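In this note's numbering, the protein residues as written are 5 to 335.
No wet-lab data here; the hints were simulated from the structure.
Each hint should be verified, as a subset may be incorrect.
[As the list claims (entries may be wrong)] Pairwise CB distance ranges (calculated):
{"id": "1", "residue 1": "R112", "residue 2": "R54", "range": "38 to 46 Å"}
{"id": "2", "residue 1": "L245", "residue 2": "Y133", "range": "16 to 24 Å"}
{"id": "3", "residue 1": "L41", "residue 2": "R278", "range": "43 to 51 Å"}
{"id": "4", "residue 1": "V53", "residue 2": "V211", "range": "43 to 51 Å"}
Bear in mind the structure is a predicted one, so any value in this text is a computation, not a measurement.
Yeah, the Cβ is synthetic: ideal placement off N, Cα and C, and Gly gets one too.
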Amino acid sequence: MWGLVPLFWPLLKPAGAIEILAHRMVWSLAFVGLALLAVRRWGWIRELVRSPRKLGLITLAACVITVNWGLYIWSVNTGHVVEASLGYFINPLVTIALGVLVLQERLRPAQWAAVGIGFAAVLVLAIGYGQPPWISLTLAFSFALYGLVKKKVNIGGLESLAAETAVQFLPALGYLVWLGSQDTLAFGGHGAGHTALLAATGIVTAVPLVCFGAAAIRVPLSTLGLLQYLAPTFQFLLGILYFHEAMPPERWAGFSLVWLALTILTWDALRTSRRSRAAVEAAKVSAEAGAGASVPPLSAEAGAPVPPATGDTGDGTGTSPATTPAARPGR
5 MWGLVPLFWP LLKPAGAIEI LAHRMVWSLA FVGLALLAVR RWGWIRELVR
55 SPRKLGLITL AACVITVNWG LYIWSVNTGH VVEASLGYFI NPLVTIALGV
105 LVLQERLRPA QWAAVGIGFA AVLVLAIGYG QPPWISLTLA FSFALYGLVK
155 KKVNIGGLES LAAETAVQFL PALGYLVWLG SQDTLAFGGH GAGHTALLAA
205 TGIVTAVPLV CFGAAAIRVP LSTLGLLQYL APTFQFLLGI LYFHEAMPPE
255 RWAGFSLVWL ALTILTWDAL RTSRRSRAAV EAAKVSAEAG AGASVPPLSA
305 EAGAPVPPAT GDTGDGTGTS PATTPAARPG R
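Make a model of the complete structure from these sequences and hints.
What follows is the structure in structure tokens.
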């Protein structure tokens with residue numbers, strides 16, 4: 005959904021980026037409010053109000069995502085879709101770096117290599133642009149920080165978004181009222197279809213963000229970074245093929261380095277996950293074997309040890325532990 009959203013923001017012109025951002029905040033709260041009414045989940049509000057720490061984190065999350073939203077809308081509507089996509093390609097590397105700096109996560113050598121290559125990519129792009137790719141870096145750091153804060157808050161995706169948009173609501177509504185008083189408000193002035201599209205910013209914003217918020221409290225931060233490759237890939241392809249943005253050689257060089265870093269990260273994550281599963285299965289088999297050897301169960305009639313089972317072992321495999329794949333060498 006995030007990968008296809010660059011097709012939506014240009015439809016909202018001639019509304020400016022800040023007005024679109026304000027509508028995004030106002031209509032997102034309306035949408036999640038209706039969703040909470042439907043599911044009847046309100047108990048979290050009392051718990052949140054009683055926790056100044058969580059309230060502070062929610063306010064920080066609201067501020068960070070405001071920067072991210074506003075800059076992204078402006079980037080798309082001013083012809084910087086490719087540079088915006090680079091920000092979300094860099095984001096997993098920044099997310100991993102935050103995991104090290106803030107959560108004290110330990111990086112494997114391949115992850116260090118990927119972060120180093122990503123840093124080199126930023127240098128190449130900075131030299132090519134004549135300045136650092138500020139749009140990309142701001143989007144990457146703001147969204148990585150947002151993911152970190154969401155993990156610290158640790159409340160449901162729908163509830164978290166409701167709290168964040170509640171923080172944003174009054175400033176956003178005040179800005180729209182001010183635009184109306186200046187007779188420069190686009191809402192309602194360009195037909196019913198344009199008005200409906202502005203109101204739809206709540207749905208376009210809330211649905212993927214609720215999914216992200218729900219994921220942020222369920223998976224490790226490094227995995228969360230790996231899951232964010234699809235969106236920038238779609239955005240990059242749209243920037244090249246649909247919006248026809250330029251790709252000079254230095255930009256290709258920078259993107260290629262970022263893609264190399266992400267390839268290393270993906271390979272390392274898959275390898276580590278496979279090894280972890282094998283280790284867990286091996287430990288489980290060893291524990292079951294040790295327990296069976298220490299206290300041999302007796303036959304009800306003869307008092308002799310019962311032979312090893314060849315049918316269901318109780319672990320869902322339908323075989324004895326000795327025949328499971330985890331017990332074979334090299335797995």
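*Hints violated by the structure (numbers, ascending)*: Of the numbered hints given earlier, the structure breaks just one, which is hint 4.
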